[in-house]
Amino acid sequence: MMEQSGIQSKLSGIERELVLQYLIDGNVPVTLTPIDETESEEVIKSLTSQIFPVAIKGEHIKVQKDGEILLENPAQAVINFANKNVKVEFYFNRVGLYFISPVRETKNGLSLSIPDEINRILDVVEEKNYDFSADIYFECKTRKDIDVRCVPCEEIELFKRPVWKIIPLEKQKLAKELLEKFVEQAKREKNAGNGIQLIPVCKYLTQDYKPSLQAMQDRKNDLNILFIDHERLVLGMESKDCTFFLNEEYGIKLIFSIKAGPILTRDIFVTCIVNKIYRSSDGNLSCVDFRYTTMQEEDMRFLYEKATSTLFN
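Position one of the sequence shown corresponds to residue 1 (our numbering), numbered consecutively onward.
I should point out that these hints are in silico values taken from the structure, not numbers from a laboratory.
Check the hints yourself; a few may be wrong.
Estimated spans, in silico, between C-beta atoms of each pair [stated by the list, open to error]:
#: 1; residue 1: Glu189; residue 2: Arg301; range: 26 to 34 Å
#: 2; residue 1: Val274; residue 2: Tyr209; range: 17 to 25 Å
#: 3; residue 1: Ile14; residue 2: Gly193; range: 36 to 44 Å
For each residue, glycine too, the CB sits at the ideal point set by N, CA and C.
Take these sequences, add in the hints, and give me the full structure.
Structure, rendered in structure tokens:
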């Protein structure tokens, strides 16, 4: 991994003053995350994996001219941050920014201070070579070119038969409830095939959801590939990124790397219809089941052999 090059992380004095005035004038939502600052300023980590960011609406903060931020009517989760260092993240003209401040208890309640140093949130570029990826490149109904990259979900092995134990033990009760609901829907709608894709769907939808601010607001994120075989492609995403609707049709390119031979990749072009959309109990995560509508016979045979050689053995 490497961060963006050629971009200064720390804001200049003039930039800081503009941001301060923006926070004073605006109704700016912020996100607080308790952090552990190590000796290296480059490494800032959450206190534990069980600590979640807390979003605060702009109307619940008041920024004074001296840079003090008063937290008005804070939620219990924020009250628990008292006397801890937090990472404060927000957007300024769509650019992600953050600073570090202790949460103090004062006679007026909880407060933070905007320090001299405010930093840009820098993109972390993942340098990965995937054996398989996909690109949603065309919306058939509107004839609109789009470009949405899809990469394998890190915790799910594709082209392997999904088994229940891939779901963490502490999430299996909730996953079972979702599975029972989805199976009941599938019986009525008759659209889930053999239903084996529902295991990675339930795993994805029951994971801990930790939203984070990015370097640029409203930027398109890569979607997660959860399942693929010769009949369907299933993707996972944050619900805010789910701009798909039932029965919409898309052009998708499936990209397989070829480790041996003169051709580096095998690209398979298909059209797919949105067959089903699944959502988590809290509505934060979504999964979209795409069912192929057109595919070359030789490509279908390739996918069938690649999938069934492991899925059903």
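Hints, verified against the model:
Here the CB-CB span from glutamate 189 to arginine 301 is close to 28 Å, well matched to the stated 26 to 34 Å. Range check, valine 274 to tyrosine 209: Cβ separation about 22 Å, and the 17 to 25 Å hint holds. Restraint check, isoleucine 14 to glycine 193: a C-beta distance of roughly 59 Å breaks the suggested window 36 to 44 Å.
Consistency note: the structure conflicts with earlier hint 3 alone.
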